[in-house]
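Asks: Relying on the hints, combine the two individually framed chains into one complex.
Heads up: the sequence lines are chains A and B, in that order. Be aware that the first sequence starts at 1201, since it is given in the numbering used here, and climbs by one per residue. Be aware that the second sequence starts at -14, since it is given in the numbering used here, and climbs by one per residue.
I should point out that these hints are in silico values taken from the structure, not numbers from a laboratory. Please read these numbers as outputs of a predicted model, since none were measured by experiment. A virtual CB, placed ideally from N, CA and C, is assigned to each residue, including glycine. You may find that some hints are simply not true.
Quick partial rundown of chain B residues pointing at chain A, CB under 10 Å, derived from the structure [said to hold, decoys possible]:
| hint | residue |
| --- | --- |
| 1 | K307 |
| 2 | K309 |
| 3 | W459 |
| 4 | I472 |
| 5 | S479 |
| 6 | K485 |
| 7 | V560 |
| 8 | R564 |
| 9 | F565 |
| 10 | F626 |
Derived EDC-like pairs: lysine to aspartate or glutamate, alpha-carbon spacing no greater than 20 Å straight-line [unchecked claim]:
| hint | chain 1 | residue 1 | chain 2 | residue 2 |
| --- | --- | --- | --- | --- |
| 11 | B | K467 | A | E1677 |
| 12 | B | K467 | A | D1702 |
| 13 | A | K1266 | B | D494 |
| 14 | B | K485 | A | D1265 |
| 15 | B | K347 | B | D359 |
| 16 | B | K623 | B | E601 |
| 17 | A | K1266 | B | E601 |
| 18 | A | K1266 | B | D532 |
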Amino acid sequence: MRKLRSNINVNGKSFKSNFNQMIGFVNDLNDHLAISREQGSEKQIERSRSRGKFLARERIEFLLDKDSPFLELLPLAGMLNKDGFGAGGTNVAGIGLVSRKLCMINSNVGTRKGGAIDFATSFKGLRIAQITLENKLPTINLVESGGANLPDQDRVFSLAGASFREITQRSKAGLSTISIVFGNATAGGAYVPGMSDYSIFQEKVAKVFLAGPPLVKMATNEISTDEELGGAEMHSKVSGVSDYLAKDELDGIRIAREIMETILATKPEFCPENSIKEPIYSKEEILGIVSADIKKPFDVRELILRIVDGSEFSEFKAEYGSTMVCGWTKIHGYPVGIIANNGVIFSEAANKTSQFIQLSNKNNTPLIFIHNTTGFMVGKDYEQAGIIKNGAKLINLVSNSEVPHISLMIGSSFGAGNYGMNGRSFNPRFLFAYPNSKLGVMGAEQLAGVMEIIKRQSAKSLGVTLNEEKIQKEKQEMIDEANFKATAWYSTSELWDDGVIDPRETRNYLGYALAVVYNQEIKGSNSYGVFRM
Amino acid sequence: MKNNQIKTLLIANRGEIASRVIKTCKSLGIKTVAIYSEIDRYSLFVSDADIAVCIGSNEPSKSYLDQDKIISVAKAQHVDAIHPGYGFLSENITFSEKCKKNKIIFIGPNSEAIKSMSSKSEAKNIMIANKVPVVPGYSGKDQSLLNLKKEAKKIGFPLLIKAVSGGGGKGMRIVSEMSDFESALKAAKRESLSSFSNDKIILEKYIENGRHIEFQIFGDNYGNVIHILERECTIQRRYQKVMEESPSPFLSKDLRKKMGETAVTAAKSINYNNAGTVEFIVDNDSGEFYFLEVNTRLQVEHPVTELITGLDLVKLQIDVAKGKKLNLKQSDVKSDGYAIELRLYAENPYNNFFPETGTIKKFSIPSVDGLRIDSAVCDNSIISAYYDPLIAKIIVKGSDREEAFSKMSYSLSNLVCLGIQTNQSFLKELIDKDEVRKGNYTTNFIEKNSDLIKITYSKSQKMKILIAGSLINWSDRNSSRKLLSNIPSGWRNSFYSFQKDSFFFDDKDYISSYRCLYNSFEFIFDDTALKVSLININDQEISIELDGCINKYSYLKNEDIILIHNQDIGNICLVTNSRFPDLDTEIKDGSYLSPMPSQIIKVLVKEGDKIKENDELIIISSMKMESTISAHSNGIVKDIFVKEGQNIESNFKLINIE
Chain A
1201 MRKLRSNINV NGKSFKSNFN QMIGFVNDLN DHLAISREQG SEKQIERSRS RGKFLARERI
1261 EFLLDKDSPF LELLPLAGML NKDGFGAGGT NVAGIGLVSR KLCMINSNVG TRKGGAIDFA
1321 TSFKGLRIAQ ITLENKLPTI NLVESGGANL PDQDRVFSLA GASFREITQR SKAGLSTISI
1381 VFGNATAGGA YVPGMSDYSI FQEKVAKVFL AGPPLVKMAT NEISTDEELG GAEMHSKVSG
1441 VSDYLAKDEL DGIRIAREIM ETILATKPEF CPENSIKEPI YSKEEILGIV SADIKKPFDV
1501 RELILRIVDG SEFSEFKAEY GSTMVCGWTK IHGYPVGIIA NNGVIFSEAA NKTSQFIQLS
1561 NKNNTPLIFI HNTTGFMVGK DYEQAGIIKN GAKLINLVSN SEVPHISLMI GSSFGAGNYG
1621 MNGRSFNPRF LFAYPNSKLG VMGAEQLAGV MEIIKRQSAK SLGVTLNEEK IQKEKQEMID
1681 EANFKATAWY STSELWDDGV IDPRETRNYL GYALAVVYNQ EIKGSNSYGV FRM
Chain B
-14 MKNNQIKTLL IANRGEIASR VIKTCKSLGI KTVAIYSEID RYSLFVSDAD IAVCIGSNEP
46 SKSYLDQDKI ISVAKAQHVD AIHPGYGFLS ENITFSEKCK KNKIIFIGPN SEAIKSMSSK
106 SEAKNIMIAN KVPVVPGYSG KDQSLLNLKK EAKKIGFPLL IKAVSGGGGK GMRIVSEMSD
166 FESALKAAKR ESLSSFSNDK IILEKYIENG RHIEFQIFGD NYGNVIHILE RECTIQRRYQ
226 KVMEESPSPF LSKDLRKKMG ETAVTAAKSI NYNNAGTVEF IVDNDSGEFY FLEVNTRLQV
286 EHPVTELITG LDLVKLQIDV AKGKKLNLKQ SDVKSDGYAI ELRLYAENPY NNFFPETGTI
346 KKFSIPSVDG LRIDSAVCDN SIISAYYDPL IAKIIVKGSD REEAFSKMSY SLSNLVCLGI
406 QTNQSFLKEL IDKDEVRKGN YTTNFIEKNS DLIKITYSKS QKMKILIAGS LINWSDRNSS
466 RKLLSNIPSG WRNSFYSFQK DSFFFDDKDY ISSYRCLYNS FEFIFDDTAL KVSLININDQ
526 EISIELDGCI NKYSYLKNED IILIHNQDIG NICLVTNSRF PDLDTEIKDG SYLSPMPSQI
586 IKVLVKEGDK IKENDELIII SSMKMESTIS AHSNGIVKDI FVKEGQNIES NFKLINIE
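Just chain B, with the same shape it has in the complex (with noise of 0.2 Å):
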C-alpha cells in the first residue's frame, strides 16, 4: 500500500470531537473543513475550523448523516481524508465504502471490519471461533418470539436484550423474569428499529456485579495489532457510560496481560487496522472476563488513554489512514500516572437523566494542573434536542488515583456551567463517595446509591442559597431606584416586619426574611438573625460575607430564574416567586406535562379509559432515548393533547386525568 499524503481533512461531525480532531490536524499541519447543520452555525468547531461549510437542516438525517451530501462538499473541497469522529457515519460500511469510491480517505479501519462488528451477532461468532471468552447466550438467526422466549429460558434470567446493531444502550433491556421478557423486547426492538433500521436482537445471561473494561486497540495495514492499554467504565447510567478511568483499579498485573493479549488477538481476527477498542465485562466476583464488542472507531473517552501514555491517538489514526506503518511495538507502550474523564451532560440526574436542552449562558473552567477539558461549548452555546447532549469530557491526570480523583472534585467545584441543567453536582457527589474513591463498584453502582439522584442540601446551604438569590434580586432592584432613592432601602421610621422574597428550588417553596441595615443586611432563618455583608456584585458575580467568611457565587439572573453557582452548593437553579400567585394560570392536578423537547412515541390509552395508578400512559422519545409517562394517580382520561408522531416542546400539556 503505498503511501498517501493528507493535505485536506473534512470532519463528518461536531461538537467537541470535531473540535479534537481539528485540534491535531493544526498541530499536523493539515487544512481542516468543517460541516455544519444550521443550528450549529455559531458553534466553537465551526470556527475552530480553516473552513466551514453548512451540510443541511438541523435533522441529523438532513445533515450529519447525509452521506451523499458530505461526499460532495469532500469533493468540492477537495479533500483527501474525511475523520468520522464517534456516532453518525463513524461505523457505517456504505460511508466508508463511499469514500472509498471517491478516492477519500475513510480515516477508520477498513469496512469489512466494520461491517463484521457492526452485527452484535456475527461479531460473537467470529470470537467464539477465535476463541475469545463470550458472555453465554442466543445470538442466532431465528427472531420468532417463540424462539427467543425458550433461548431465555435456557439462559436464565436476569438476562439483557441487546439490539444488534445497538450501541450506546439504545434497544438494550435487563429483564429479570419471563412476564416482563415480552413488553422488553417489544420496547428494545422498536427501539433499535428507530435509531439503527433494524430490529434484530440477541440475548446474554446478564452479569449482575459486572465490570466494564475495554482496551484500546491500534492496528496498521500492515498487520501490526497493538493494545494501548485498558480503560475501565464500569460506572455507567442507562447503559451510557459516565466515568472512565485508567488504569482500572480491578486489574491485576496478570489479568491486565491475559486481556491485552485477548482484546490484540480479537482486533486480529478482523484484520483490525486503524483505532478501535474490544469492549469486555468482567466478573467482579469471579474475575472471569467476556467479549463484549468492538468498537470500531474513536471512543468518546480516547483522552484517558492519550492522558496515561503521551500519545495523541488521533495523529496515530492520521498517520496510520496514510499507509503509514504503526511505530509502536507493544513493548513502547506504557503508562504514567493515573487518569480519569467524567462526561458533562445536559441532563437532569435528579428526573432519570432526561436530557435538557437550551441555552449555556456561562461556561468557564478552572485552571487545574493536569486538567484537560474536551468541549464544543462556550458562552451562549446552544444545547438542542437534535444531537447528544454531551457538553464536555472533563479528564484529569494525576501521579495517583488519588491525585486524580482530588483534581477532579476540585475541578468539578470551580468549572462554571450556568444556563442549562447538568450533571455537574451528581458527577461531583459521584467521585466523592467512598466506595469509587476505592474502587470498589460495578455496572449498577449508580442504581444501588439512588441518594446519588436525590439532591439535598443541608440547612446551611440551602441559607446560603436563600441569601444569594435575595442579594442578587436585591441588587438588581437596588441599581434602578430612583424615587427615595437615598433613603435606606427598605427604610422604615416604625420597624415592624422584615421583607420577604419567596424562592423555590429544590421543589419547594422557601421564603427567606431580611432587612436592609446602613452597610450591611440582617437575615432570619428560624429565629436566628444573620449579619450578612454584601462584598460586591457584577452582572455574574457576587460575594457575600457570613459568619465572617467570604463566599462567592457565579450567577446568571433572566427575570424571575437565578442560576447559581457556588463551590459548597455546586449549581442551582432558583426561581423567584411571584408575591402575587397568578391565580388563573396554576395548573390543576391531573394534567401531564413533557418533561423535556421530545416526539410521541405511543399513546397507550384513550379518552373514556379507566386507569390506575403507574399506568403506562404515553410513550415518548427524546434524543433517541424512550420513556414512559404514567399515572400518579387513578382517574378517567379526559382529553388527550397530543397524537402519536407529534414533536413537542418540554412542558406541552399531554393528557389531562380526572
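This is chain A alone, in the form it adopts within the complex (with noise of 0.2 Å):
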C-alpha cells in the first residue's frame, strides 16, 4: 500500500503556536480526569481501607490480567451536572481482559457518596450495557452500591429497570454476566447480583435483600437482622441468591477470573500479526497540525498518516469530491475504511462517500469516521443540484450499513453533517472526541446570528423598535452559551461521546475500538432504504 508523504513543517510558526493551544487543551483534559479519578472523600476512602477494603479502580487493578490495557469508557460523564456525583459518576467501566477475554468492566465507586447512583451513573450505565451487548462482551460488575440517589429517584426510576433487563437480555444473547458483591446491593440493587448469570458474595461483607430491617419493620412489623436478610452466608447457603462464597475481595475477584476462564468466548473474528508496522511519522506532531481553532483549515490526510499502520494509505476517488477523504487502511493490523472530512460537504462528496460506504460493506470492513465539517454545502446552486438528496443518500447508507462504525471528532460536526457523518444519534459503536473539537446544529455565531435576523423580521413585522443594546446583550448571550454547550466538555458530560481523548493516543484509542468490534464477525449490509435519485 502506498506511503503518504506529510508536508508539514514542524518547525513553521504556526505548527509551534497550534502545538501550544492544543497542548492546553490536552492539561484541561487530564485536570478533568484527575478529578475523575477521586474516588470520595478522604475520609470515606480511609474507612473503607481501615475495613481492609480495596477501592474501585485497585479491584479493577487485580480483576484485570497483568499488563492488559483497559479503556475506560465515559469517564468524564456527568461533569459539569450541578446537581450529580461529579465526573464519571459513582462507576468505572470499561473494557480490559480477564483471563485472556475481552470483558466490560464496571466497579462501583463505593467510597463516593456510597456508591449511590445518580443520573450521569445510571444514564452511563445505559451506554454501557450498549456497548456491551453491541461488542458481544461478557460482563464482570464490582458491587458496592446503596442503590439509586433519592433525590435523583425520579430521574433514575426507569433507567435502572432498563439496566437489569440488559442484564437478561445479554445473558439471553449468551453473553455472561459475573457479579462479585462486595458490600451492599439492596433493594433495586439486589437486582444486579440477582439477574446476573453468576453471582459471587464476600463473606460477611455482602448485604444484598429488596429491604432492610428498618423497612421490614414498617412492612410487616417482622423483627430481622441484616445477616438474616441479606448476608452472603445466608444467600449461599439458604436462599441460593449467591453461587460463590469468597473468602475476602481477592478471593472474589479469583473466583470471577476463574469464571471468565470457563466461559465461551465469542471467538475473535480476526486477530492481527504482532508485527505492525507503526507510522512513519511521529504522533507527538498531531497537536501541531490538528486546529486549535476549528475555524481554521488543514488537511485530515495528514492526521491519517501519523495514526494508520505504516503510514499507508490506498485512497478512494481522490481527485473527485474532494472534501471528503475516503480509503483503505489498516490500523493495528485491522483492516478499516476511513472516511474524513477536509471541509463543507458537496454533492460529489457525499455521493463519493456513499459509494465508498457500500464498497466497505461488500468488504466486511469497518469503518472510522473523522468528523470535521460545518455541514452541508448551502445556497441556490447547491440546493438546485439536490444537495437535500444526496445528504440523504448519504444518512441513508450510513444508518443501514452494517459494518460497525466508530466516530472521531477532531473540530466541528455541526448540521446534518454530524449526521452523514455517523453522529452520536445514528449509533457508532465507539464515539471519541478531541478536546478542541466542538459539535451543534449550526456554530454559535451562526446560530446567534439566524436568531438576529428572525428577531428583526418579526419586530418589522409587528412594526416593533428593538432595543440595540438589548439586542447585542442576547446576541452575545446566546454565543456564550451556545459555544459552551457546543464544547467537548459539554457533550462528553451529557455522554453524547464515549470519552474526550488526547489527540496522541488517537492510534491506541482507535486500535483498541477495532480490536473490540473485530470480536466478533462483520458482515456487511446488502440492502438500504429507498434512494432517492
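Replies: Right under this line is the structure:
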C-alpha cells in the first residue's frame, strides 16, 4: 500500500502555536480526568481502607490480566451536572482482558457518596450496556452500591429498570454477566447480582436484600437482622442467590477470573499479527496539525498518516469530491475504511462517500468517520443540484450500513454534517472526541446571527422598535451559551461521546475499538432504504 | 617387584573424581571403565569413560560400595587396575585385598598401611612410637562410659570426640563442658555406627585456635617416600573443608621443613607406597604442630598441589602402582606460584549448610587464565540425596596469593550454576573477607564470622533483583499476548496505578511497582521513579539498563520460580507470589516440615508431650549428616506424621504442635 507523505513544516510558527494551544486542551483534559479518578472524600476512603477494602479502581487492577490494557469509557460523564456526583459518576467502566478474554468491567465507587447511583451514573450504565451488547462482551460487575440516589430517584427509576432488563437480554444472547458483591447491593441494587448469570458474595461483607430491617419492620412488623435478610452466608447456604462464597475481596476476584476462564468466548473474527508497522511520522505532531481553532482548515490526511499502520493509505476517488477523504488502510493490523471530512460537504463528496460505504459493506470492513465539517454546502446552486437528495443518500447508507462504525470528532461537527458522518444519534459502536472539537446544529455565531435576523424580521413585521443594546446583549449571551454547549466538555458530560481523548493517543483508541469490534464476525449490509435518485 | 602393565583401568567411583582419573588415563593411553548407578546413567563421568557399566541401584551399598559386583565387572572387562578415587572403597582394606586376590592392581597404598591408619587409635599409637607429635588425648581400648568420662576429665574441656574410623567430620563432636559429654558421645557413636559400622571413639584435647595443615606424601614400592608440600585446609565448616590453599600463609620456611620431614617419617613408619596425606593440627598461638591422621588415598584437594608443582598426581599413582620407581627426589619438588581451591556444594549456607537436591539447569564456567574446574556436572545434571553434594571444585593459580584470590573472586562472580541452592555466594563472601585475604584465620573462622551465613542484600541489590524478576516475568507474558497485543502493555487512558508484582526472596515478600512506557519501563521504589530499559532477553539471559548502566543476568524460569545469577548479586532464587493467595493451603504455625530429603533417625517426643521452645523433637539424617529439628515455640505435640527409619522428601510434614 502506498505511503502518504507529510507536507507539514514542524518547525513553522503556526505549527508551534497550534501545538501550544492543543497542549492547553490536553492539560484541561488531564485535569478533568484527575478529578474523575478521585474516589470520594479522604474520610470515606480512610474508612474503607480501615475495613480492609480495596477501592473501585484497585479492584479493576486486580481483576484485569497482568499487562492488560484498559480502555475506560465515559470517564467524564456528568462532569458538568451541578446536582450530580461529579465526573464519571459512581461507576468506573471500561474494557480490558480478564483471563485473556475481552470483557466489560463495571466497578462501583463505593467510597464516593456510598456508591449511590445519580442520573449520570445510571445513564452511563445504559450506554455501557449498549456497548456491551453490540460488541458481544461478557460483563463483570464489582458491586458496592447503596442503590439509587434518592433525590435523583425520579430520573433514575426507569433507567435502573432498563439496566436489569439489559443483563437478562445479554444472558439470552449468550453474554454472561458475573457480579461480585463487596458490600451493599440493596433494594433495586439487589437485582444486579440477582439477574446475573454468576453471583459471588463476599463473606461477612456482602449485604443483599430488597428491604433492610427498618423497612421490613415498617412493612410487616417483622424483627430481623442484616445477616438474616441478606448476608453472604445466608445467600450462599439458604437462599441460593449467591453462587460462590468468597472469603475476601481477592478471593472474590479470583473466582470471577476463574469463571471467565470457563465461559464461552466469542471467537475473535480476526486477530492481527504482532509485527505491525508503526506510522512513520510522530504522533506528537498531531498536536501541531489538528487546528485548535476549528475555523482554521488543515488537510486531514496529515492526521491519517500519523495514525495508520506504516502511514499507508489507499485513497478512493482522490480527485473527486475532494472535501471528503475516503480510503482503506490498517490500524494495529485491523483492516478499516476511513471517511474523513476535509471541509464542507458538497454533493460529489457525499456521493463518493455513499459509494465508499457500499464497497466497505461488500468487503465487510469497519468504518471510521473522522468529523471535521460545518455541514452540507448551502446556497441556491447547491440546493438546486439536490444537495438534500445526496445528503439523504449518505444518511440512508450511514443508517443502514451494517459494518461497525467508529466516530472521531477532531474539529467541527455541525448540522446535518454530524448525521452524515455518523454522529451520536446514528449509533456508532464508539465515539471519541478531541478536547478542541465542537458540535451542534450550527456554529454559535451563525446561530446567534440567525436568531438576530429572525428577531429583526419579526419586529419589522410587527412594527416594533428594537433596543439595539438589548439585542446585542442577548446575542452575546446566546453566543456564549451556544459556545459552551458546543464544547467537548459539555458533550461528554451529556454522554454524547464515549470519551474525550488526547489526540496523540488516537491510534491506540482506534486500535482498541477495532479489536473490540472485530471480536465478532463482521458482515456488511446488502440492503438499504430507498435512494432518491 | 615386577613392572605391571595397565591397559585398562576401572574407576570405582563417580562424579568429578571419576572424570579426573579418566582424564589422566586418556593422556596415558589407558582404556577406562566407569561404573554407575541407575541415577548416574546420564552423568558426565559416564560419557567420559570408554566403557561404562551399570552396577546397580542408587543406594551406595547396592552400587559403588558393592565390592563383589565391582570385582566381577572388572574381571569381565579384563581390567588391570582399579582406581578407587576418594570416599566409597578408597580406604577399604577388604576391597584392596579382594583386588589383590583377583590379580587386579588396587591403586593405593598396601592394605597394611590402610589398615593401620583406618583406626584413629592405632594410627595415633604408631605415631607416638615413632616420636611424631600427637594431640594429647585418649585412644585406648576401654570404651566404657565411666572410663571415657574419667579420661575426658583428665584431658579437660573443650575436647573432641572422634570416631575411631571416622572421617570428614562424621562421628565427630566438640564438647565444651562435662554436662554435654554424654549426649555428644551418644550422637557421635550413633553417627559413627551408621557410617562406619563401628562405634569406637577416641578423645582429644580440642585446640581452639587451630590451623589444619596437611602434607601430600608419596611413596613407591622401593621404600622411597617424599612429601609434595603442604596444603592449608583450615577453613572448614561442620569439619568439612571449604577452602584449601598452598603454600600455607602460616608456615615459615623452617616450620615447613620440619613438618615435611615429620610427614615423611610418619609415612615411612607405615611403609607407605602411594599417594597419601598426613594431616596436622597446628596451634595458631604456639606454632606447635600435632599429627592428626593419614589419609591413605588421593585427596579431594589434590589439584592445589598439582597446580603449584605441575605434577599429575594420578599419573604418579598409576606409575607407582605399576611398580615403577618414584623418579622424583625430595629436592626436585618445587613450588611455583599460588593455588586455592574452593568446593562448590549443593547446600544452603543460610540454613545450617543443609544439603540440597535437585537439577542443575544451567552450569557455565567463566574463562579465566589459570582457572581449573574439576566438576562432574553440566546443564541438567542431577544432584541426588544418595551421594555427596559436591558440584565442582574451583581451583585457581596465581603468581602470588593476591593474584590467586583476585582470580578466584572473579571466577566465583562469573560462574553460573542455576537450578539448585549452592554455597557459591557464601564462598564469594568468604574469600573477600579481609582476614581470609590476610591468611589470618583458624578452624573456627566460619563460626566466628556468622555474618557469612546470613545473607543480606543492599537496597540497590534488592531493586535490581526486583527489576530483573519483574522484567523476566513481563517478557514471558508479553511474548504470548494475543488480543490487544498492539496496544502498549498495561496501557491506560486514565492512568491510575502502577502494576504490582510480588516476590518472595531473602525470607520476605517484596513488591515491585512499575509500568510499561513506550520503549522503557518506569519502576517505583520508595517514591523514587527509575527509568529502566529492557535491552535484550532470551530464555536464559536478560540485559537491563538502569541508571545508564547495563547489567547482565543469567536466569532460569520455571513457572513461579526464577533463578537469577548476576555478578553483583550472586545466585538468588525468586518466587513469584500469586496475585491471589490460596487461602486453604497456607501452612499454619505449629507445623514442622523436613528441610531436605532425609531419613528419620529418632523421634524424641510422643503425641501429647508438653514441650518447651528449643526442645529437641526429631533427629533426621541426610547424606549421613545428622541434624535435629527443635521446637520453635512452647506447646503440646498433637500429631507425629513420621516414624523412625522412614525416608521422606523435603517439605514433608513431620510434626504438629499446638
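Asks: Each of the hints needs a verdict: does it hold here or not?
Replies: Hint-by-hint comparison with the structure:
no., hint, in the structure
1, K307, "violated, 67 Å"
2, K309, "violated, 69 Å"
3, W459, "holds, 7 Å"
4, I472, "holds, 4 Å"
5, S479, "holds, 5 Å"
6, K485, "holds, 8 Å"
7, V560, "violated, 16 Å"
8, R564, "holds, 7 Å"
9, F565, "holds, 4 Å"
10, F626, "violated, 27 Å"
11, B:K467 - A:E1677, "violated, 53 Å"
12, B:K467 - A:D1702, "violated, 25 Å"
13, A:K1266 - B:D494, "holds, 19 Å"
14, B:K485 - A:D1265, "holds, 12 Å"
15, B:K347 - B:D359, "holds, 16 Å"
16, B:K623 - B:E601, "holds, 15 Å"
17, A:K1266 - B:E601, "violated, 46 Å"
18, A:K1266 - B:D532, "violated, 26 Å"
Checked against the numbered hints listed earlier, the structure breaks hints 1, 2, 7, 10, 11, 12, 17, 18; every other hint is satisfied.
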